[in-house]
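Q: Spelled out, the chains give:
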Amino acid sequence: MSGRGRIVFSTTIMAVEFDGGVVIGADSRTTTGAYIANRVTDKLTFIHDHIFCCRSGSAADTQAIADVVNYQLSFHSIELDEPPLVQTAANLFKELCYRYREDLTAGIIVAGWDKRKGGQVYTVPMGGMIVRQSFSIGGSGSTYIYGYVDSSYKPGMTKEECLEFTANAISLAMERDGSSGGVIRLAAITEAGVERKVILGSELPRFTVS
Amino acid sequence: MVTGTSVLGVKFNGGVMIAADMLGSYGSLARFRSISRLMKVNDCTILGASGDYADYQYLKQVIEQMVIDEELLGDGHHYSPKAMHSWLTRVMYNRRTRMNPLWNTVVLGGFYNGESFLGYVDKLGVAYESPSIATGFGAYLAQPLMREVMETKPDLSRDEARQLIERCLKVLYYRDARSYNKFEIATVTEGGVEIEGPFSSETNWDIAHMVSGFE
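In the order they appear, the protein sequences are chains A and B. Just so we're aligned, residue 373 is where the first sequence starts under this note's numbering, counting upward by one. Just so we're aligned, residue 111 is where the second sequence starts under this note's numbering, counting upward by one.
Possibly wrong hints are sitting among the right ones.
[Claimed, not checked] With a Cα cut of at most 20 Å, we get these calculated SDA-like pairs of lysine to any residue:
1) B:Lys233 / B:Pro211
2) B:Lys150 / B:Leu169
3) B:Lys170 / A:Arg473
4) B:Lys170 / A:Gln459
5) B:Lys170 / A:Tyr472
6) A:Lys569 / A:Ala539
7) B:Lys170 / A:Lys569
8) B:Lys292 / A:Lys569
9) B:Lys170 / A:Ala539
10) B:Lys233 / A:Arg473
11) B:Lys150 / A:Arg473
12) B:Lys292 / A:Val503
[Stated by the list, open to error] Example chain A residues on the side facing chain B (calculated, C-beta under 10 Å, incomplete):
13) Cys469
14) Pro497
15) Tyr518
In case anyone wonders, no lab produced these hints; they're calculated from the structure. Quick caveat: nothing in here was measured; it's all calculated off a predicted structure. Note that beta-carbon positions come from the ideal geometry of N, C-alpha and C, so glycine has one too.
With the rest of the complex left out, here is chain A:
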């Protein structure tokens, strides 16, 4: 996924649903080949007041897509005179990612809260399919943590448990994936709004002694 001259996020991204909202998280590394072009990237992107997306793949592609969806959704929301649904945002991503699948390298997780279905996580992997999941992981770093998330996830976790689960998972991925690193950016989205948090290098959850 990385190439000389081509800026990519190889990345670890994650989102978890809980009763009342979602928790989203990502690492902060952007690479051009092996050089870290940005070590404090924000991959958690605002789409609407209660809807964010986590971006993995090509930085340029995902930024362009997010810009388009942001515009489309805010227009739609004004027409509707209502906050938009997470499912709507996710489907807008899907339409773009499926239509231009040959030209894009984008793996996106859309997560947020709406009045109709509460906290929701939708994943739009490369290829442009869409599926709702109770939690989702993505990016190159995600391969290293499938075992961890499968064994640690429990349905019905609280917001705090979800934050811990997400931070642990991303930390483990960052440890093993050369394309993920930096700080952990977290956000919790509920009816009340968005609460952002950053976990810096020194405070990262630690698992190995050496």
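Given chain A, put chain B in place with the hints provided.
A: Below, chain B alone, put in the same frame as chain A:
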């Protein structure tokens, strides 16, 4: 891209049964373990797809809209399984000719005017009907099993069809590295469409005790 493995289909006395596991693979990774690859088209037709899941979702969207549009015409007509199969064949062949295929192999089942229908269409636009159909790995492992049963007994009961399908799904789980032990079964009869699941096969690993070392 995310892909689905085998789809099985078998005709029985009074209807047709289609089965597929609930896995979306991302290369060798068993990424999505609860996705449905079977859909109800209308009261007399069901469809199962293997191959690219995003292309299946696109097809599903188009077909569902077609069925709605037809309902809105209000002329009392519904797409027959054969008509749907014919349409799908044209779509798949056309996309193939434009060098932009829908990367799927589709199994279409139906019951219309007292007759069972079971058809196949793939990404090249190859299409045919048969009393039993299996895509992907199923073509190598399940089809011989299904044909063996149906050659001696062409008219299966619903239960016999179910047993045959479940036996085939078990073998596929044993031998297909991209399969998953969680599946759905769709049945279409005079009474309409039923999609049941998720189910899992009972597996037997006793032979493991009989093997030790490699010689």
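Q: Now look at each hint and say whether the structure bears it out.
A: Hint check:
| no. | hint | result |
| --- | --- | --- |
| 1 | B:Lys233 / B:Pro211 | holds (6 Å) |
| 2 | B:Lys150 / B:Leu169 | holds (12 Å) |
| 3 | B:Lys170 / A:Arg473 | holds (18 Å) |
| 4 | B:Lys170 / A:Gln459 | holds (17 Å) |
| 5 | B:Lys170 / A:Tyr472 | holds (19 Å) |
| 6 | A:Lys569 / A:Ala539 | holds (11 Å) |
| 7 | B:Lys170 / A:Lys569 | violated (40 Å) |
| 8 | B:Lys292 / A:Lys569 | violated (38 Å) |
| 9 | B:Lys170 / A:Ala539 | violated (37 Å) |
| 10 | B:Lys233 / A:Arg473 | holds (17 Å) |
| 11 | B:Lys150 / A:Arg473 | violated (27 Å) |
| 12 | B:Lys292 / A:Val503 | holds (17 Å) |
| 13 | Cys469 | holds (8 Å) |
| 14 | Pro497 | holds (6 Å) |
| 15 | Tyr518 | holds (8 Å) |
Against the hints set out earlier in the document, violations occur for numbers 7, 8, 9, 11.
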